[in-house]
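Asks: Listed here are the chains, written in short residue letters.
4 protein chains.
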Amino acid sequence: MAPRKLHVGVAGLGRMGKRHALNFHQNVPRAVLVAVTSPDAAEREWAAENLAPDGVAVYESYSDMIAHVGLDAVCVASATAVHAEQTNAAIAAGKHVLCEKPLGTTVEISQSVVDAAATRPDLKVMCGFSRRFDASYRDAYEKTKSGLIGRPSVLRSQTCDVLDPSGFFVAYAQFSGGIFVDCSIHDIDLALWFFGQESKVRSVHAVGITAVEPDLRQYDDRDNAVGIVEFYDGRIAYLYASRMMAAGQEDTTEIIGTKGKLSVNLIPVENHVRIYGQEGIRHELPQNYWGRFQAAFTREAIEFTECVLDDKPVPVELESAVTAVRIGAALQRSMIMGNKIHFDEGGNEVNRAQL
Amino acid sequence: MAPRKLHVGVAGLGRMGKRHALNFHQNVPRAVLVAVTSPDAAEREWAAENLAPDGVAVYESYSDMIAHVGLDAVCVASATAVHAEQTNAAIAAGKHVLCEKPLGTTVEISQSVVDAAATRPDLKVMCGFSRRFDASYRDAYEKTKSGLIGRPSVLRSQTCDVLDPSGFFVAYAQFSGGIFVDCSIHDIDLALWFFGQESKVRSVHAVGITAVEPDLRQYDDRDNAVGIVEFYDGRIAYLYASRMMAAGQEDTTEIIGTKGKLSVNLIPVENHVRIYGQEGIRHELPQNYWGRFQAAFTREAIEFTECVLDDKPVPVELESAVTAVRIGAALQRSMIMGNKIHFDEGGNEVNRAQL
Amino acid sequence: MAPRKLHVGVAGLGRMGKRHALNFHQNVPRAVLVAVTSPDAAEREWAAENLAPDGVAVYESYSDMIAHVGLDAVCVASATAVHAEQTNAAIAAGKHVLCEKPLGTTVEISQSVVDAAATRPDLKVMCGFSRRFDASYRDAYEKTKSGLIGRPSVLRSQTCDVLDPSGFFVAYAQFSGGIFVDCSIHDIDLALWFFGQESKVRSVHAVGITAVEPDLRQYDDRDNAVGIVEFYDGRIAYLYASRMMAAGQEDTTEIIGTKGKLSVNLIPVENHVRIYGQEGIRHELPQNYWGRFQAAFTREAIEFTECVLDDKPVPVELESAVTAVRIGAALQRSMIMGNKIHFDEGGNEVNRAQL
Amino acid sequence: MAPRKLHVGVAGLGRMGKRHALNFHQNVPRAVLVAVTSPDAAEREWAAENLAPDGVAVYESYSDMIAHVGLDAVCVASATAVHAEQTNAAIAAGKHVLCEKPLGTTVEISQSVVDAAATRPDLKVMCGFSRRFDASYRDAYEKTKSGLIGRPSVLRSQTCDVLDPSGFFVAYAQFSGGIFVDCSIHDIDLALWFFGQESKVRSVHAVGITAVEPDLRQYDDRDNAVGIVEFYDGRIAYLYASRMMAAGQEDTTEIIGTKGKLSVNLIPVENHVRIYGQEGIRHELPQNYWGRFQAAFTREAIEFTECVLDDKPVPVELESAVTAVRIGAALQRSMIMGNKIHFDEGGNEVNRAQL
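Taken in order, these protein sequences are the chains called V, P, E and L.
So the number in my numbering is just where the residue sits in the first sequence, counting from 1, plus 1443.
So the number in my numbering is just where the residue sits in the second sequence, counting from 1, plus 1443.
So the number in my numbering is just where the residue sits in the third sequence, counting from 1, plus 1443.
So the number in my numbering is just where the residue sits in the fourth sequence, counting from 1, plus 1443.
Check the hints yourself; a few may be wrong.
Same chains, same names: a pair is fine if it fits in one copy or spans any two.
[Stated by the list, open to error] Simulated crosslink set (DSBU-like; lysine-lysine; CA at most 30 Å straight-line):
id, residue 1, residue 2
1, Lys1702, Lys1586
2, Lys1448, Lys1702
3, Lys1586, Lys1448
4, Lys1448, Lys1461
5, Lys1588, Lys1461
6, Lys1755, Lys1461
7, Lys1643, Lys1461
8, Lys1588, Lys1643
9, Lys1643, Lys1448
10, Lys1588, Lys1448
11, Lys1755, Lys1702
The hints are simulated quantities; they were obtained by calculation from the structure and are not laboratory data.
Just so it is clear, the structure is predicted and the values come from calculations on it, not from any experiment.
Next up, chain V with everything else stripped away, as it sits in the complex (with noise of 0.2 Å):
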């Protein structure tokens, strides 16, 4: 008899979406990608085209796919407004869920998907931080926690895209969360990672500069933006993001121990081949972070699947996902407001003169 597998439903097909649905369908021998949904025309059709004859159905509804026969989990890959809702109703369906992160943009509504789940401790319920499934991260954090460079204290981050003339990003923002929730997210969950749960953060300010775009300033953000977070234990995470690299897309990360330091990414390399011609010697590089993380995104894909198989705990804790969204907020606020953010020991905002 076959061994069992996990029936996926993948929900939104825009450009994340169409690349969670072609991972479950095609690189995950433990799943099998049974349903799509996409309140969008264009994308179903897509999906009529490259997923269906091979059996998949495609739904306008999301609750309709949610009530496809025989599902068992959904990979909620939509606009980042809806994630937590539509996590909340998988829950309540007794769905497991890989939701994309953010889990949402306010600690509050990230909040009720932990709360969600907490009613249903039989679900597997995962953002999908893909940075954790990287094999390079993951290399540097078995080596953190080997002991390779003491203690982790400082760790500097930047999650940078290339510059994107069409200013797709522009009206992107209004809904986004603001640049340090979308792009920061990442690099504040790896200071969360590496630095472990006993860091609890104490401060956060952050400042911005609209290099590019002025135009990003309608919706409080910026296109360029450096925040430091500081932490009760004596460890700092300084973080960079931007919308405008002109080589590819830059994610680096430095993690600096007590003896010794390891780097992740710091020049990135599209593959192996250098170029020598009369500019001198080059390289390619990622154009985004698709090109750079999609062997995580499998790996993510793979292992929450084994998790629900398995009846596993996810890797990544969810809230640690809420904690990530407050830190972001916090940071977007303090580079649009000018001032700096503090915190009590529980996670709570503290006025300085409290202090």
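Starting from the structure of chain V, add chains P, E and L where the hints point.
Replies: Frame of chain V; chains P, E and L shown alone:
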């Protein structure tokens, strides 16, 4: 109706055979692994545990596997000594074949595969030169074809294995055809690919040493070898193969053209991590060709499957696999005999006196 | 007739003083080292052995050296605490001065040098920000000025020392002005250089930790510090300084523009050698700033000499050295006090309430 | 009393001669450039402008310069064709000599220098193989001697010049001795240095092409050449020389030992700057050997000066310069004639039939 899938059987379940079997089983959406075969009981036991539960039939006899109902294609991943025999038997049975390199250790045996394939032009028969499916080599090839480096004139390429302290490669040397046929065959294939069919070999010359394994001499082999292949149209390939790398697999290629140069994997890397410590700044590298070329093997299997299902020509011409063996075997002979070997433009060896 | 040479005296023969003395003695064709001075007997003994045989006068008293017949210029390489005092005394005596950075640990002391220099416009007075003489920084600067990266908008820069297990830097901290004035001053100077005079600081904020040397707290210092400098014209510099690098000196800068990016010394290297072994592929790196910037110090001395002999303006404006101290001291204060510090466009600190 | 300084004269004021002259004039504290000579009026004019004002005598006749009162040593930097003649004349006149490589284009001429030097053991006579004075090569050598990589067994080395579109090197080819004597001589010297005197050449073989300059064939030369040098004690050096690099000077060496590997200048870099733009990430590299080896030439002059003043043995044995020419000339002949050349252990060529 679900699309047709290619039913594949894998012959040989040694180190490479297991990898090919898992590859077809997990990573090739349009293929189904239906059968495997090995004369070795322990290998079949592995298959019984890891593949049979998913419905894969496990055979002791190769001919039994060939007779498996519905089998479309065979992946020959057994010992080099039986590559040609198994491939020819599969062709005779009307199966498509993906055969591991080399076709054989001699020109004659290799040619027999080409002859067999010629009798069945309806079948796809491909020799698996994995580097042709590697993203970096393909990128370098496309850039070369686009004229980026002018006329490719000199190719430096090396296949250098990490030292295996078990000495496995000494015993292996009796059947491998020698270091030029076993290792440099990849580099030779690259020269044939990048220089193209118009390049005809004019002479070869090689020298070798046993720096770490003098026992290789009993099988007329060496652990470090350097060779030069001269072509009639004014091009040179020079090759290095080694069994004693301390750091890991070092498979590097440089293509030097009249207007530029491309390097592939000049500094091998395992991933994107760098480690900073008292010994300096370091990074790890793949420890074997699988670590370096795993994705290429997947790509190879995916494309072979496509070629069969969509009736497209295979991307590696079978004849060039014979030429590669011709050159590799001549280099091996030159290394052992100490002489330079000359060819006429028809590919036949000539005595120097005749020139 | 032989061309006129600049007669130079070096004040201070500690670690840096010795280097400056030998530099002028051996590497500056148009200068002659004629005198040195140190209050320390052991240091004078070193000079007696190494410099006196070549005719260099060795003084115990600084004022005696200033009175050395024929002395044209002084290189002040003594303890930071006497930089300004010695520089001002030299100016009063009509000597040209090359003063090690920083001019002083406070704005007031630093400004006193500018004021003294203003009284003698005939003299060349330069603060030795060595990176401005480094070939790589200069190349990056020229490329930036040429417009290669568009408008430089974000500058990331770090000055990170290898861990000195002797703890020397703890005792040193009482006089150094703190990590931002001692180390980051270089990075601040780079921001002023690359952004130009039109950039006025708007705010600074910093945090710090004592990851390896808690004793630094008694001197209001830290061993790892991160700071952000915000400028009025929409630019950001963010800085990292550390005393605990395991691998060596890591002085790295990135200049991010609207159309490209330049990095300087992203991966420090000692030389052109790579070492391949079981630990992977590694290389060594300079162990201190002298190892990294030795050639820059020589260039600095050569150009200072030229400026005097040929009566050209010095390449580093003296005023910017005061601005650098202003920013560094504010960062240090922000780090210790925990608050963000704001400036008006005239460079004066303002209470947040006033904004 | 000031210490004694070495009075040096430089012969030849072409591209290299000018550099040697300025080098001794500006960068060698213990030497004084007292005289230069050139048969070329324009070159003497340059010296009249740039050196004479500092008291350097400018001669038309080499023998006049040799007769310069107080002259201690000569640096022979003239055309290769007169290296040996001028060196021998200087020896006859009792002068120490630093002679540019190669001593001559034939073994006989080169040997004449060794013979002349043997008559005056009191004189220091050194052939300037600049790489032996390069910090990176020295580091690699020290690491090799320390046993870090086990027994050095294979050496790959290349001397590759940027394409000079003026075609200067075609005219130059009539006097240079050919690409192996002109360029690869450095790589051959490295093999002799790293392998040591116990390594005796057993055979050489080379092939070459004219990829960009067919006119070279009239002088029996090529623009790209690959050669293998086999040693009796089980070692191999393989070499590549080229005149058509697009990106810059690429002088790379790898030393492969039984326990590790060292690479020198595997990826040439001009400085510490990387440039990020739409073409990817790139860096520049030195455009000629002076850009790469300038510091080595300074070191060479400093150490030659020390050897004379302190009566120490010169660091490069004169005999090895003859061996290098022997190997280089044999490679050149093999490339042109198409045959492999064998040597007995005494260094004499043997007919293959005799073996």
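Asks: Quick one: Lys1448 to Lys1461, C-alpha cut-off 30 Å, is that within a copy, between copies, both, or neither?
Replies: both (21 Å within a copy, 23 Å between copies)
Asks: When no copy is named, should Lys1643 and Lys1448 be tagged within, between, both, or neither for a Cα gap of at most 30 Å?
Replies: Neither: 40 Å inside a copy, 53 Å across copies.
Asks: Classify it for me, Lys1588 with Lys1643: is the Cα-Cα distance of at most 30 Å met within a copy, between copies, both or neither?
Replies: within (19 Å within a copy, 43 Å between copies)
Asks: State whether the alpha carbon distance between Lys1702 and Lys1586 is at most 30 Å within one copy, between copies, both, or neither.
Replies: both (12 Å within a copy, 25 Å between copies)
Asks: At most 30 Å between C-alpha atoms: does Lys1588 with Lys1448 qualify within a copy, between copies, both, or neither?
Replies: The answer is neither: 33 Å in one copy and 44 Å across copies each exceed 30 Å.
Asks: First find the shortest C-alpha distance between Lys1755 and Lys1461 inside one copy, then the shortest across copies, and answer within, between, both or neither for a cut-off of 30 Å.
Replies: Intra 27 Å, inter 27 Å, cutoff 30 Å: intra and inter.
Asks: At most 30 Å between alpha carbons: which applies to Lys1588 and Lys1461, within, between, both or neither?
Replies: neither (35 Å within a copy, 32 Å between copies)
Asks: Reference check for the pair Lys1586 and Lys1448, CA-CA at most 30 Å: within, between, both, or neither?
Replies: neither (34 Å within a copy, 42 Å between copies)
Asks: At most 30 Å between alpha carbons: which applies to Lys1755 and Lys1702, within, between, both or neither?
Replies: neither (34 Å within a copy, 44 Å between copies)
Asks: How do Lys1643 and Lys1461 come out at 30 Å by Cα distance, when the copy is not named: within, between, both, or neither?
Replies: Result: close neither inside a copy nor across copies, 37 Å intra and 47 Å inter.
Asks: Since the copies are identical, ignore which copy is meant and state whether Lys1448 and Lys1702 lie within 30 Å (CA to CA) inside a copy, between copies, both or neither.
Replies: neither (45 Å within a copy, 48 Å between copies)
Against the hints set out earlier in the document, violations occur for numbers 2, 3, 5, 7, 9, 10, 11.
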